[in-house]
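Asker: Sequence:
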Amino acid sequence: MDVNNSSLPKDHYLYGLPGCHPRSSFENQWVINPELTPPTNPVDERLLRAWQYAGGLPTSTCKEMDAIKASWPKHKQECFFFCTLLLSSWHPSPEQAAWLNFSFCTCRDEYSETPLAQLYQRLIALSSFDKIYMAYKSSELIALFDCKGLKHDQEQIHHLDDVLARSPYMHKSVWDLKQHVVLEDGCMIPSIAVNYGFDKCDG
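Quick note: to get this note's numbering, add 4 to the position in the sequence shown (first position is 1).
Please keep in mind that the hints were generated in silico from the structure rather than gathered at the bench.
Heads up, a few of these hints could be off.
List of simulated lysine-lysine pairs, DSS-like, C-alpha gap at most 25 Å [what the hints assert, rightly or not]: (1) K67 <-> K78; (2) K152 <-> K141; (3) K78 <-> K141; (4) K176 <-> K78; (5) K141 <-> K80; (6) K135 <-> K73; (7) K176 <-> K155; (8) K155 <-> K141; (9) K141 <-> K176; (10) K176 <-> K80; (11) K152 <-> K135; (12) K141 <-> K73; (13) K141 <-> K182; (14) K135 <-> K78; (15) K155 <-> K135; (16) K80 <-> K67; (17) K80 <-> K135; (18) K80 <-> K152.
Using the sequences and the hints given, assemble the complete structure.
Answerer: See the structure below:
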């Protein structure tokens, strides 16, 4: 999964554009005054923050970042995308693979996803990107939490280990079912249909 501007909320593109807010004539004076410096694109700022966390150069352009990320293994791209969200104070939504792979599917509702996001943010503050990536691809994120002194905290998240012990390679079909229900998606993957008998239903 690559990280590009299309994967981030569209409303962030409105920053600095005239006519997007009642106060835009005041806030965007750089548009009519060439002596003023335009504000930095916040989307680029967030990507660059994650890029530097992952060991990238602070002088890299978005094009250069995209070219390098395209050469990364799939799981490294997934981990970078996830870290980009966390470093921007966001967390995955059910539409994204990271919602399953990083165990947000185990949370009762969207509000209870916040403590899990905060737990990962603490892990990021204590670990390098490479350590998180290596733990993710080897299904050892629980061990990394414990190693960083977060054992008690991770144990408060019900079923966290149930997902992370297998992720990113496999997970129980019950989590696919939950994602299907949350999204109200009409497309049902085979594991749900077979395991829960939907393939035997008429219509």
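Asker: Evaluate each hint against the coordinates.
Answerer: Hint by hint, here is what the structure shows:
Of the supplied pair hints, the one linking K67 and K78 holds, its CA atoms being roughly 19 Å apart against a limit of 25 Å. Restraint check for K152 and K141: satisfied, since their Cα atoms lie roughly 18 Å apart, inside the 25 Å limit. Proposed proximity of K78 and K141 is supported: the alpha carbons are some 10 Å apart, at most 25 Å. Restraint check: the Cα-Cα separation between K176 and K78 comes to about 21 Å, which is no more than 25 Å; the hinted pair holds.
With a CA separation close to 8 Å, the supplied pair K141 and K80 stays within the 25 Å bound. Restraint check for K135 and K73: satisfied, since their Cα atoms lie roughly 17 Å apart, inside the 25 Å limit. The straight-line distance between the Cα atoms of K176 and K155 is roughly 23 Å, inside the 25 Å bound, and the hint therefore holds. Simply put, K155 and K141 have alpha-carbon atoms about 20 Å apart, close enough for the 25 Å limit, and the pair holds.
Among the hinted pairs, K141 with K176 is consistent with the structure: their alpha-carbon atoms are about 18 Å apart, no more than 25 Å. Restraint check for K176 and K80: satisfied, since their Cα atoms lie roughly 22 Å apart, inside the 25 Å limit. Note on K152 and K135: the hinted pairing holds, with a Cα-Cα distance of about 11 Å set against a maximum of 25 Å. Annotation: proposed proximity of K141 to K73 holds, straight-line Cα distance about 16 Å (limit 25 Å).
Between K141 and K182, the direct Cα distance comes to roughly 23 Å. Compliance with the 25 Å bound is thereby established for this hinted pair. Pair hint K135 plus K78 holds up; C-alpha atoms about 16 Å apart against a cutoff of 25 Å. Between K155 and K135 the alpha-carbon distance is near 17 Å, which keeps this suggested pair within the 25 Å criterion. At roughly 18 Å between alpha-carbon atoms, K80 and K67 fall within 25 Å of each other, so this suggested pair holds.
Simply put, K80 and K135 have alpha-carbon atoms about 11 Å apart, close enough for the 25 Å limit, and the pair holds. Taking the CA atoms of K80 and K152, the gap is about 21 Å. The hint holds against a cut of 25 Å.
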